[in-house]
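Chain residues, written in single-letter form:
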Amino acid sequence: NAGVMQNPRHLVRRRGQEARLRCSPMKGHSHVYWYRQLPEEGLKFMVYLQKENIIDESGMPKERFSAEFPKEGPSILRIQQVVRGDSAAYFCASSPFEGAGMASPLHFGNGTRLTVT
Amino acid sequence: DAKTTQPPSMDCAEGRAANLPCNHSTISGNEYVYWYRQIHSQGPQYIIHGLKNNETNEMASLIITEDRKSSTLILPHATLRDTAVYYCIVRPRGGADGLTFGKGTHLIIQP
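Protein sequence lines, in the order shown, are assigned to chains E and U.
Going by the working numbering, the letters in the first sequence line up with residues 8 to 124, in that order.
Going by the working numbering, the letters in the second sequence line up with residues 1010 to 1120, in that order.
Please keep in mind that the hints were generated in silico from the structure rather than gathered at the bench.
As the structure is a computational prediction, the values presented were derived from the model and not from experiment.
Each hint should be verified, as a subset may be incorrect.
Derived DSBU-like pairs: lysine-lysine, alpha-carbon spacing no greater than 35 angstroms straight-line [claimed, not checked]:
1. K69(E) - K58(E)
2. K1061(U) - K51(E)
3. K1078(U) - K51(E)
4. K1112(U) - K51(E)
5. K78(E) - K1078(U)
6. K1078(U) - K1061(U)
7. K69(E) - K1112(U)
8. K1078(U) - K1112(U)
Computed from the model, here is a short list of chain E residues facing chain U with C-beta under 7 angstroms [as the list claims (entries may be wrong)]:
9. Y40
10. Y55
11. P68
12. F72
13. P112
14. L113
15. G116
16. N117
Chain U regions said to be covered by chain E (calculated; three or more residues, Cβ under 8 angstroms) [stated by the list, open to error]:
17. 1054–1067
18. 1107–1117
Even for Gly, the Cβ is constructed at its ideal location relative to N, Cα and C.
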């Protein structure tokens, strides 16, 4: 059973360009989470999605950032008009749908390292 | 979510047991204790989780005190590859919310 797959592993963009980061959850998982880790800092929650729905985007910057998890295909984190401060590692995690009382852990991918030049 | 407190760093000799403490004095009855680790430049790796009973798997053991206000992660025979930042996180049972990562404990295994 393949783990959470993220691509690309490394992405270089010039200021002002768009960055698209992809995440394929583990098979059978319907919840996806995106985290950002700035250099030498901790992991910060960005957004939580289920298929076709954004459940919690409280950690997303208000502008330039968006996320989707379509019915078919991977989840996408999109950053428009990137700036140098967007340089970071972006991690995706997934977990299965489950009812109240369950406690399955999140499983993380190995991230996409975005460098803005 | 309840907050956790961990020492910022610890050393352990290779081959010895590494015991990583975590305080979660405000944990509520429906919150699980999760442990993750992050090896440099990799994604966080799930280790183990528990509610109130001690748990063991192929990676580690988790000892939760009877009052649930603290826990200890035990790596029974630490190797150099166990050098990582270890995170103790509490999360509500049945909650599909994400995890809130603190600063964790930087465990350094010494040869």
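Hint check results:
A threshold of 35 angstroms between alpha carbons decides the hint, and for K69(E) with K58(E) the separation of about 22 angstroms falls inside it, so the pair holds. Our distance criterion of 35 angstroms between C-alpha atoms is met by K1061(U) and K51(E), whose separation comes to about 27 angstroms. Distance restraint check for K1078(U) and K51(E): the Cα-Cα separation of roughly 25 angstroms lies within the 35 angstroms cut-off, and the hinted pair is therefore satisfied. The straight-line distance between the Cα atoms of K1112(U) and K51(E) is roughly 11 angstroms, inside the 35 angstroms bound, and the hint therefore holds.
Taking the CA atoms of K78(E) and K1078(U), the gap is near 41 angstroms; set against the 35 angstroms cutoff, the hint is violated. In summary, the hint linking K1078(U) to K1061(U) is supported, as the alpha carbons are separated by about 10 angstroms, within the 35 angstroms threshold. The hinted pair formed by K69(E) and K1112(U) meets the criterion: a straight-line CA distance of about 25 angstroms does not exceed 35 angstroms. Of the pairs offered as hints, the one joining K1078(U) and K1112(U) holds, with about 19 angstroms between alpha carbons and a cut-off of 35 angstroms not exceeded.
At its closest, the beta carbon of Y40(E) sits 5 angstroms from a beta carbon of chain U; the interface hint therefore holds under the 7 angstroms criterion. Because the beta carbon of Y55(E) sits about 5 angstroms from the nearest beta carbon in chain U, less than 7 angstroms, this interface hint is met. Look at P68(E): its Cβ only gets to about 16 angstroms from chain U, farther than 7 angstroms, so that hint breaks. A cut of 7 angstroms between beta carbons decides the hint on F72(E): the least distance to chain U is about 16 angstroms, and the hint is violated.
Nearest Cβ of chain U to the Cβ of P112(E): about 4 angstroms, under the 7 angstroms cut. The hint holds. Contact between L113(E) and chain U, as hinted, is supported at the beta carbon level, the nearest pair being about 6 angstroms apart and thus within 7 angstroms. Contact between G116(E) and chain U, as hinted, is supported at the beta carbon level, the nearest pair being about 5 angstroms apart and thus within 7 angstroms. Of the supplied interface hints, the one on N117(E) holds, with its beta-carbon coming within about 5 angstroms of a beta-carbon of chain U, less than 7 angstroms.
Three residues within the 8 angstroms Cβ limit are the bar, and the region 1054–1067 of chain U against chain E gives 4, so the coverage statement holds. Only residues whose C-beta sits within less than 8 angstroms of a C-beta in chain E count toward coverage, and the region 1107–1117 of chain U has 7 of them, enough to reach three; the restraint holds.
Hints 5, 11, 12 from the list above are not met by this structure, while the remaining hints are.
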